[in-house]
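Just remember that the numbering used here sits 8 ahead of the position in the sequence shown, which is counted from 1.
Quick caveat, the hints were computed from the structure, so don't treat them as lab data. It cannot be assumed that every hint is accurate.
In silico DSSO-like cross-links for lysine-lysine, where the CA-CA straight-line distance does not exceed 27 angstroms [what the hints assert, rightly or not]: (1) Lys170 with Lys81; (2) Lys216 with Lys170; (3) Lys216 with Lys263; (4) Lys89 with Lys170; (5) Lys179 with Lys216; (6) Lys81 with Lys96; (7) Lys216 with Lys72; (8) Lys91 with Lys81; (9) Lys206 with Lys91; (10) Lys72 with Lys249; (11) Lys179 with Lys231; (12) Lys263 with Lys89; (13) Lys231 with Lys170; (14) Lys174 with Lys91; (15) Lys263 with Lys96; (16) Lys231 with Lys249; (17) Lys89 with Lys216; (18) Lys231 with Lys30.
Since this is a predicted model, take the numbers as computed values, not measurements.
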Amino acid sequence: KSVMLYDTMEVIPKYRAIVNDKNDVYAILSNIYQPIQNVEAFSFFDSVVGEKLAIYHTAGALGKGERIWILAKLPGQIIVKDKDAIDKYLLLVNAHDGTMALRMFFTPVRVVCNNTLTLALSFNNEANPGIAIRHTGDIKSKLEAAQVALGLANSAYAQFEKDAMKLADRKLTQTEAEMYFALVAFQGKPAELNVTSKLMETRYEQLKRLYYLAPGNNIPEVKETAWSAYNAVSYYSDHFKYLEKATVIPERRLKNIWFGSGLEMKQRALKVALEI
Numbered sequence: 009k010s011v012m013l014y015d016t017m018e019v020i021p022k023y024r025a026i027v028n029d030k031n032d033v034y035a036i037l038s039n040i041y042q043p044i045q046n047v048e049a050f051s052f053f054d055s056v057v058g059e060k061l062a063i064y065h066t067a068g069a070l071g072k073g074e075r076i077w078i079l080a081k082l083p084g085q086i087i088v089k090d091k092d093a094i095d096k097y098l099l100l101v102n103a104h105d106g107t108m109a110l111r112m113f114f115t116p117v118r119v120v121c122n123n124t125l126t127l128a129l130s131f132n133n134e135a136n137p138g139i140a141i142r143h144t145g146d147i148k149s150k151l152e153a154a155q156v157a158l159g160l161a162n163s164a165y166a167q168f169e170k171d172a173m174k175l176a177d178r179k180l181t182q183t184e185a186e187m188y189f190a191l192v193a194f195q196g197k198p199a200e201l202n203v204t205s206k207l208m209e210t211r212y213e214q215l216k217r218l219y220y221l222a223p224g225n226n227i228p229e230v231k232e233t234a235w236s237a238y239n240a241v242s243y244y245s246d247h248f249k250y251l252e253k254a255t256v257i258p259e260r261r262l263k264n265i266w267f268g269s270g271l272e273m274k275q276r277a278l279k280v281a282l283e284i
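Go ahead and model the full structure; you've got the sequences and the hints to work with.
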């Protein structure tokens, strides 16, 4: 809708309000911004996962609909050490408030404990070649180009499987595991520093406990490995971290897991684990 000055009701040129069908205003943006309607985004998803190459799993909206998402399950699994099953999903996210492009990327989920592993939102990452489509220019042609690009993205899960196998092959000593959790919990600060944050200390202790007790981490083939250490972090991020705040809102929890500090924590944990 056109944007007008409050006092004179004069139309502000080259700007408009992005609204939903209830006239809730998501953002004031320039005319360069081209909205991608939900039906357009989902239709694009239809074409990508069609022909029984995937099945729809879940869809939803955050806030008043300014951010929408749809999740599809892809065929097949990654099996780490012939025991630990990882389901493969494709996630599409679109925002109507100018905060992000339409994005589609892969996200694996560990079956035994239903925790989401690292979502790579860096689209220059060869290990997870997701797609980002800006809300400018010819949207239709960009969607068509994205379909082609996604056809080449099978390498994402192949690379993730290689990484998971590397982690599962790497046994950790108790000292190595403790240093790993210190790096993750204290965000790069070693455990011997005088950290006064009770939250960080509690997080560190919980990660050490989940290393042994998180679902799936007692599988003999992966027990006390870099893989189980990384999964202790991902399990904590999805199932424990949101309890650090007194008020638990499911929508906020999901946003944290997929887009917020929970995602950042898991990305940091995978990077450190692979460096080990």
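Hints versus structure:
1. Lys170 with Lys81: holds, 20 angstroms
2. Lys216 with Lys170: Since the Cα atoms of Lys216 and Lys170 sit roughly 25 angstroms apart, the hinted pair holds (cutoff 27 angstroms).
3. Lys216 with Lys263: Roughly 25 angstroms between the alpha carbons, so the hint for Lys216 and Lys263 holds.
4. Lys89 with Lys170: With Cα atoms ~11 angstroms apart, Lys89 and Lys170 stay inside 27 angstroms; holds.
5. Lys179 with Lys216: holds, 15 angstroms
6. Lys81 with Lys96: holds, 6 angstroms
7. Lys216 with Lys72: violated, 39 angstroms
8. Lys91 with Lys81: Given pair Lys91, Lys81 holds - Cα atoms ~20 angstroms apart, limit 27 angstroms.
9. Lys206 with Lys91: It is violated: about 37 angstroms lies between the C-alpha atoms, which goes past 27 angstroms.
10. Lys72 with Lys249: holds, 25 angstroms
11. Lys179 with Lys231: Given that 27 angstroms is the threshold and the Cα spacing comes to 8 angstroms, the pair holds.
12. Lys263 with Lys89: Measuring from Cα to Cα gives roughly 31 angstroms; hence the hint is violated.
13. Lys231 with Lys170: holds, 18 angstroms
14. Lys174 with Lys91: holds, 15 angstroms
15. Lys263 with Lys96: holds, 20 angstroms
16. Lys231 with Lys249: holds, 23 angstroms
17. Lys89 with Lys216: Given pair Lys89, Lys216 holds - Cα atoms ~23 angstroms apart, limit 27 angstroms.
18. Lys231 with Lys30: The hint is violated at about 52 angstroms.
Figure legend: structure checked against the earlier numbered hints; hints not met, in rising order: 7, 9, 12 and 18.
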